[in-house]
Each structure stands twice: as C-alpha cells, then as structure tokens.
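**Q** Residue numbers (our numbering), protein chains in the order written: chain A, 1 to 450; chain F, 1 to 454.
Don't read these hints as lab results, they were simulated from the structure.
Among the hints, a few may not be true.
What the hints assert, rightly or not - With a Cα cut of at most 30 Å, we get these calculated BS3-like pairs of lysine-lysine:
#: 1; chain 1: A; residue 1: Lys337; chain 2: F; residue 2: Lys76
#: 2; chain 1: A; residue 1: Lys271; chain 2: F; residue 2: Lys79
#: 3; chain 1: A; residue 1: Lys337; chain 2: F; residue 2: Lys217
#: 4; chain 1: F; residue 1: Lys113; chain 2: F; residue 2: Lys389
#: 5; chain 1: A; residue 1: Lys444; chain 2: F; residue 2: Lys3
#: 6; chain 1: F; residue 1: Lys324; chain 2: A; residue 2: Lys177
#: 7; chain 1: F; residue 1: Lys100; chain 2: A; residue 2: Lys175
#: 8; chain 1: A; residue 1: Lys18; chain 2: F; residue 2: Lys100
#: 9; chain 1: F; residue 1: Lys389; chain 2: A; residue 2: Lys271
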Amino acid sequence: MKETSEKPLVFSKHLTGKATLEHLTRFDKLLTEMMGSVEEKPEAIDDITVVEVSQANFAGIIAAGMLGEFGAEVIKVEPPEGDPARKITPYGQRLNGIGLPFLMESRNKYHITLDLNSAEGQDNFRKLVSKADVVIDAVKPGLMDSLEIGYRQLSQLNPGLVYVAISPYGHYTSKAKELCNIPDTDLTAQAASGYPSLTGNPEAPDPYNYPVKAGIWAAWYMSAALAVAGTLTALLHKRRTGEGQMVDVATNDATSAWQGFQIVWGFTMEKPRVRVGNFDWCLFPYGYYEAKDGYVTVASVLDADFRGLLKILGRWDLENDWRFLFDRITDDVEKLKTLEAELKKELAKHARKELVSKTLSYSAKAARDRLRSKGFPIIIETRSPREVLEEKHWQIRKTFLEMNLPVCGKFMIPASVPKMSESPPRVKWIKCGLGEDNEYVYKKYGLGEK
Amino acid sequence: MGKFSEDYFAFTGKIFDRSKTSEKPEVLKGVRVLDLARVIYGPVVSKWLGLFGAEVIKVEEPEEGDQWRTGTYWAKYWKDSCPYFQSLNPNKCFIGIDLKKPRGKELVLELAKISDVVVESFRAGLVEAWGIGYTVISQVNPKVIYISCSGYGQWGPLRFFPSWDLIAQSMSGVARLTGFPGKETYKLQDYYGDFFPGLLGAMGVMAALNYRERTGKGQYIDMAQAEALMRTMLNWTYMSVVGEDLERTGNVDPSMVPSGIFKTADGRFVAIAIATDNQLSALLKAMGRTELAEDKRFRETFERLKAGNAEELDKVVEEWVFTKTEAELIELAKRHGFPAAPVMDDWRLVNDNWRRERGSVTEFEDEMYGKGIWVASPVALEKTPGRVKRLTKPIGYHNRYILKRLLGLSEKEIKELEKEGVIGYWSNRVGQRPPPYYDIENDPIFNYRDGEKK
Numbered sequence: 001m002k003e004t005s006e007k008p009l010v011f012s013k014h015l016t017g018k019a020t021l022e023h024l025t026r027f028d029k030l031l032t033e034m035m036g037s038v039e040e041k042p043e044a045i046d047d048i049t050v051v052e053v054s055q056a057n058f059a060g061i062i063a064a065g066m067l068g069e070f071g072a073e074v075i076k077v078e079p080p081e082g083d084p085a086r087k088i089t090p091y092g093q094r095l096n097g098i099g100l101p102f103l104m105e106s107r108n109k110y111h112i113t114l115d116l117n118s119a120e121g122q123d124n125f126r127k128l129v130s131k132a133d134v135v136i137d138a139v140k141p142g143l144m145d146s147l148e149i150g151y152r153q154l155s156q157l158n159p160g161l162v163y164v165a166i167s168p169y170g171h172y173t174s175k176a177k178e179l180c181n182i183p184d185t186d187l188t189a190q191a192a193s194g195y196p197s198l199t200g201n202p203e204a205p206d207p208y209n210y211p212v213k214a215g216i217w218a219a220w221y222m223s224a225a226l227a228v229a230g231t232l233t234a235l236l237h238k239r240r241t242g243e244g245q246m247v248d249v250a251t252n253d254a255t256s257a258w259q260g261f262q263i264v265w266g267f268t269m270e271k272p273r274v275r276v277g278n279f280d281w282c283l284f285p286y287g288y289y290e291a292k293d294g295y296v297t298v299a300s301v302l303d304a305d306f307r308g309l310l311k312i313l314g315r316w317d318l319e320n321d322w323r324f325l326f327d328r329i330t331d332d333v334e335k336l337k338t339l340e341a342e343l344k345k346e347l348a349k350h351a352r353k354e355l356v357s358k359t360l361s362y363s364a365k366a367a368r369d370r371l372r373s374k375g376f377p378i379i380i381e382t383r384s385p386r387e388v389l390e391e392k393h394w395q396i397r398k399t400f401l402e403m404n405l406p407v408c409g410k411f412m413i414p415a416s417v418p419k420m421s422e423s424p425p426r427v428k429w430i431k432c433g434l435g436e437d438n439e440y441v442y443k444k445y446g447l448g449e450k
Numbered sequence: 001m002g003k004f005s006e007d008y009f010a011f012t013g014k015i016f017d018r019s020k021t022s023e024k025p026e027v028l029k030g031v032r033v034l035d036l037a038r039v040i041y042g043p044v045v046s047k048w049l050g051l052f053g054a055e056v057i058k059v060e061e062p063e064e065g066d067q068w069r070t071g072t073y074w075a076k077y078w079k080d081s082c083p084y085f086q087s088l089n090p091n092k093c094f095i096g097i098d099l100k101k102p103r104g105k106e107l108v109l110e111l112a113k114i115s116d117v118v119v120e121s122f123r124a125g126l127v128e129a130w131g132i133g134y135t136v137i138s139q140v141n142p143k144v145i146y147i148s149c150s151g152y153g154q155w156g157p158l159r160f161f162p163s164w165d166l167i168a169q170s171m172s173g174v175a176r177l178t179g180f181p182g183k184e185t186y187k188l189q190d191y192y193g194d195f196f197p198g199l200l201g202a203m204g205v206m207a208a209l210n211y212r213e214r215t216g217k218g219q220y221i222d223m224a225q226a227e228a229l230m231r232t233m234l235n236w237t238y239m240s241v242v243g244e245d246l247e248r249t250g251n252v253d254p255s256m257v258p259s260g261i262f263k264t265a266d267g268r269f270v271a272i273a274i275a276t277d278n279q280l281s282a283l284l285k286a287m288g289r290t291e292l293a294e295d296k297r298f299r300e301t302f303e304r305l306k307a308g309n310a311e312e313l314d315k316v317v318e319e320w321v322f323t324k325t326e327a328e329l330i331e332l333a334k335r336h337g338f339p340a341a342p343v344m345d346d347w348r349l350v351n352d353n354w355r356r357e358r359g360s361v362t363e364f365e366d367e368m369y370g371k372g373i374w375v376a377s378p379v380a381l382e383k384t385p386g387r388v389k390r391l392t393k394p395i396g397y398h399n400r401y402i403l404k405r406l407l408g409l410s411e412k413e414i415k416e417l418e419k420e421g422v423i424g425y426w427s428n429r430v431g432q433r434p435p436p437y438y439d440i441e442n443d444p445i446f447n448y449r450d451g452e453k454k
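Same shape as in the complex, but just chain A (with noise of 0.2 Å):
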C-alpha cells in the first residue's frame, strides 16, 4: 500500500493546499492500518453455508463463489459424471483437464459428488440442506421440485433456508413455464435482455452491422451478482426473523432490469433505439478514437469539458458552429459526425502519450479554476489488457492474486471486489477436483456412505 514517491497528480483545486494534503495523508495512513492484512480479518458471513447445483450455468457458479468470498462455507453439488460447466473454456484451453472459467470461479468452494437421480442421492441432499442457510438452483426450472428436492420440500424441511434459483426466465410466470426446457447461456441471456441491439454499428457491411454481443459474459456477471445481492438481502431478513424465501433472478431480464435506460427510452421514445457506433445517445464525444499509436477514449460529458478539449486539441476554430449545450447530443446524427470528422482528422495526428499528458497538464490548470468553466475532458489511452497487467497501481492494491495449485500450477485471477475494513471478501483457495471434499463434507454433514 506504499505510495509511490512521484508527486500524485492532483486534479482537484480542493485536493491543494497544506492543510489539505496533511488531513490526506492522516486518511492514507488509516486506510494502511484499516485495509492490510485481509487475511487475518473476520469473514461477514462465515455463519452461513451454501449448497449450489448448477447445470453449466456460470451465473449460479459465479454467485456461489461470490458469497464464499465473503466467508461463506460453500458446497457445490455436482453428479458422478461432473459439472459440463468444466468444459465451458475459450478455444477448449484448460488446465490439467480443467476450463479456465470454471478455475477463476471455483472460489472457496468444496466439491462433493451426489447422484441427485437416487434416493440416496436425494436423501443424502436433503440431510445436507436441513443443516444449510442457502441453496443456488441453477438448474431447469421445476426439475429439483420434480425430484423432490425443490423449495416446497426443502423449506418443510428447514423454515430458514433461503433459496436462490437463477434460470433463464425465472420460476415463476406462464412464460417461465413455457419455456422452462430452455437452458440458460450468457449470450442468449445479453439478447433476451436486449443488450446487443445497443452495441455496432448500422452502415457496416454483413454481418458487421448485426447487433454486437458484450465481449465479456455481461448478463452473466450482472446475474451472478443481483443474486448475490438478493441472497445477502434475504439473509438479513432471516437474521431478524428466521424466515427464510425463495429468491428468483431470471438471466433474460436481469441486466436490462438494472441497468433499466432500455425500459426509459422505450417507455419515453415508444420505439427502440437503433445503434449508433462510436456514438453515445446522451454524450459526445464518448468513445474510442484512434491515434497515431493506437486507440485513446475520449470523454468530455459536460459542455465546458467539450470546449476545453477543442482547445487541447488546437480547434478552437469549432467552437462557434457548436454554441448550443444540445448540439453534441441531438437525434441529427449527420450533423454530429461532421463536427466527429474532425476530431478524429486531429487525434490521428498525435501519439497517446502525446494526447494524454496535454490533457493531463490542462486539466490541472483548469482544476485551479474556481467556476470548473474551463472544464475538464479525458483522454487517456484505451488499454489493453495486457497494458492493465504493467500497470504499477493495480499491484500496489493486489487487484490481481497469483495461485498456485498443486496439481495446475500457477495461474493468475482478478481479486475479490470491493475492498472492505472490517470484512472483507477473499480468495482463500481455488480448487476443483471432482468429488475432492466428498469426505470432509459428508463427514461434517453426516450424509451416507458413498
């Protein structure tokens, strides 16, 4: 957590001054003492055990992973044959046999191995669960009720259990019956919700101007995680009253349920928005623009970070033909990519490194400015990820764990977000050898003899 000796560059006129710089230095040496040694510090909820199943659904894994970073003793129930999830990997690149997916997710978890087909199996699950705060179903809607280890029987069994089911369209409406035998993808569940008719760019011949997937698993993740919110949610509630609910996410609406702009502008504008490239619906300019080195993001969001940009890229010549705040963000969209013509003509000239640091050396002028009318546009360079990784603040802030596994070896994962004093989330192990805690857990749990 040591600070670098550089001086930080500061682009705040409130973060200048003496007195200023000693109350930051006081907050940095409470946040030394608050936020090191994560590993000797309480766990939020390490009262609290999950049991998960899931059926190559990364957003159940995900979830589950999630609140054993938080202290959770986690579970995951897969059948003798395995989790197909384990094959879910880039290129089917693996490590010792294992997706590279399912590694970076298998956070703090035991594996066990139950034949949920067999009343062994079924019965051996409901002992697990009777002692269990929380199950993740992330398997076809109605199959465990079918075997007779869904929420009506769990919840006989154990009042308090919260249960977690995360499918495509849910468990419950007409349409989560209909089309319940559909199974669940990250990709299926970005279309579902709407998001890829956002994202490309029209004028592009076929396929180009399709509309462009999330090149990260977006719905999943943003799954994953309301189920983790819902979960923790729902633990609260049972802590003050011992009741324990039923909680449903449905991957097809979860992202846009959140995120909530696609309901806004249908609800607003009664038709949907078609794509736009390069171009934001609410900012100009927002997006990636090429230099003479590779790409830079350019934002400026309000009106006097626009003009300040027209004067760190030497146009001020541009600024009359835009005096109206509205300009930038109007539905003429011809008219925009005159005024995006030649921006990207003058970006081109530079090098990013050349574009960044005048920004950065303007922007701290302006800071200074008491109005902020001189305003205060980015451009920084778009990284890569392999750009991120030499980035010196991401290891000083141990945002990146190396593992090390017996059997695999060495291998990199992000860390656990966010970063919290008192208890906070962590990687304690990452492991996933099928049926690798079959003793410890039907030990602990006092199911059968396998």
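Put chain F on the given structure of chain A with help from the hints.
**A** Same frame as chain A, now just chain F:
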C-alpha cells in the same frame, strides 16, 4: 414432504404474486442511508437499498444538483425531468445543502450521525478534504457503513485520476473486448461501467449490514470501478495459462460452439449458444442434422471448441437459422431444449408481458409525475420484495421533511438556513424544477409542518 399435487409453477405464481407486493414487509425498513453520490455509479448503490425499504436521503447542491438531472438523451425531458434520473433514484428523499458552507457541512455530519450507511462517489480523497470523509464520520458514528465509490480506489498512484464509466472501461482493459476481430471496438453500452460496479458496491454494503447485524460493527468500503470490471474478465487467467491474448470475437462466444447472433428468415436476430453436448444433440435434432454429432470434429466438446471446427459448425447453424423465422426457432428451442433467444430491443422490452408479470417492469402512477413505465426490482424476493414507491422530486423538496423530523429544526431555523444559502432548492431550469402543472406551493411534504400550527 414428497410430491405436491399442485403444479410447481402454480405454486411459485402464488408466492411471487406481485399484486401482494405492497402488503409484504421490507427488509431494510429502519435503515437510513445518506447518499452524497452523483450520476449513476454511486446512486445505484443506494437505489438497491431504497428498493428494499431503506430511507435514502440524497444530498444535492442547491440550484445545481446531480449532473444527471440535466444530462439526458437527445435533450429529451419528460415533464421537465430527465427520465434516466427518475429511473436511477426512485424512493429517495431529496435535500439541498451547500457543502461549501460550514453550517452545511455540519448538517451533513448531523445526518451522518443518525445514518446507517453513507454513500459517496467523489474523486478519491475529496470528501476527506471537505471534512465529511470516513475519518470524521466514523468518529461521530462508529457503527457507520461508509462506502466510497471511486474509479481506481482510495490508495495507489492512480487514485486521483478522474473516472467515468467509459474511462473505467478503458483503464480496466474491457474496452478492447467488444466488436469483431480486426474491426472497431465498442464500449459496453448504457453505462455498464457504472451499473455493474454500483451493484458490487450494493453487494458490499449488504455484506457489511449482515456483519453489523452479527457484531454491531460498521466498516469502510473502498469500491473501485475499474476493479469491478476486471472481476468479470477471463483475460488474466487466460493470459497466464495460455500465454496468449484473448482477443475479441464479434458475436461468437469462444467457449461455446456453435454460438452467435444470426439473422432469421423474417429479418430478425436470434442468439444461439451451445454450452454442452446434450444441448448440441438437441440443436442438431431440431435441425435434422443428427449425423453431425458423430462427426469427429464436433463430437467431443474440446475438439468442437477448436478455432477451425467452431467456424464450420457456426456456418452450418447460420445457414439453417436463415431459413426459419424467430417464432419457429424459439418454438424449436422450447421443444428440443437448446439455448436460443430473440435479440430484444427497447420497445419490445417495454411491451413484454413476461416482464410485467414478473414485476421487473411496472406501470404505476406517481403522485407528482402521473403514469409511467419503469423498472422495479431486478431480483424477486418472495417474502420481502423490492418495490418502487415513488419517483424523484426536485432538489430540496424534502428539506423541511428531513430537517424538522430528523434533526428537530424549527421553521424559524430553516428560514434562516434558507436566507444564509446553507440549504436551497432547484433553479428554474429544466431537469431541476417540478413539472409545470404541479402545485408545489400546496404540497404537504414540501411545506412539512410536523405538528406546528397550520
């Protein structure tokens, strides 16, 4: 125990019946949140808390307010308000306090003293410089849960660097991952770089509330926007194991074959992604191409995932999809059990009966703004459902309601604060003011009297 005679979905339909939502309890009733945050990232942390019953007090600068009040799409305002702002800040109370005035700062500290959670989203260190940071507030309220939402976290050389959704996307490396190989890259739309980190912030606060329930202890949460985005990226693991970069792949999910967004016979788009061998069998059966399951290039998952093989199978599916309509494809997916979904758009989402029945999208009537269609709770909780009770209000609308009720100020004291400019209201600008038809002068909350003589 055992089998129930009632159909499972009839049972779940009953327990999640959304017409009963308003009769059910709220988990966070009695939890008070002081919300100093702006724009999207910070405000959605308290949005979560407000959906589940917390009393959220949003502090804004008089006559300025949250920048998002005036920043709207295509300069469209709805009843003089920004509709996005409405969707971000339901159920909150709005109070206008000038933080630059010493008495304003004092008021914030008094409110912080009686709050359970404080949310801020200024540049790292700024609240500390202003004297309303964790160092000060934890002194007057040791049980407080204080979350700072910044771009890069509170320590480290980048901490003072500015951030927006897009900047966090760029600094985390996620910026380079969306789009077709060799073509332009796209940002994650609709401010994913704010909404996802904000959600992880809410998750952190909920974990802290659980911990406080057990131990009585509060804590500090250092939420870094870029770190939240990095948490979703497989690239780090991939690079460390494979030694190569994981590049963008257009509409293909490289961990599922076949996968893609395909054009249908009726000119729509449908996403199909096959994650398991069983799902592949189901798809091939629907296509009438079961012989492909025996093909040695596709039979085995890891073999299928190899680049050349994947492309061939994707092409077969692409051609097949083009012969079917969207409705036919979904019908086949339902019958055979493979993952497929139409690419929805804004207008279809709003008109989707499923979402209405679920309760995640809801039409309701607000006391100030009338009827509208809004998102409600993104997760369904059977016994303690989240809910939207009201939309936003103009800056300072709840000044009297909060200051009299919570801090015991008198009408006279409030008038003085107004005169000194310590507290204030909206300016007469679109985005800030009440809707033109609304009789604010006779509004009982705006003119809250609290037992005083009428």
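**Q** Hint by hint, note whether the structure agrees.
**A** Structure-based check of each hint:
As the CA atoms of lysine 337 of chain A and lysine 76 of chain F are separated by approximately 20 Å, the hinted pair is consistent with the 30 Å bound. Among the hinted pairs, lysine 271 of chain A with lysine 79 of chain F is consistent with the structure: their alpha-carbon atoms are about 19 Å apart, no more than 30 Å. As the CA atoms of lysine 337 of chain A and lysine 217 of chain F are separated by approximately 54 Å, the hinted pair breaks the 30 Å bound. Of the pairs offered as hints, the one joining lysine 113 of chain F and lysine 389 of chain F holds, with about 26 Å between alpha carbons and a cut-off of 30 Å not exceeded.
For the hint linking lysine 444 of chain A to lysine 3 of chain F, the alpha-carbon distance of about 29 Å falls within 30 Å, and the restraint holds. For a cut-off of 30 Å, the pair hint linking lysine 324 of chain F to lysine 177 of chain A stands: about 24 Å separates their Cα positions. Between lysine 100 of chain F and lysine 175 of chain A the alpha-carbon distance is near 53 Å, which puts this suggested pair outside the 30 Å criterion. The suggested pairing of lysine 18 of chain A with lysine 100 of chain F holds, with an alpha-carbon distance near 18 Å, which does not exceed 30 Å.
With a C-alpha separation of about 26 Å, the suggested pairing of lysine 389 of chain F with lysine 271 of chain A holds against the 30 Å cut-off.
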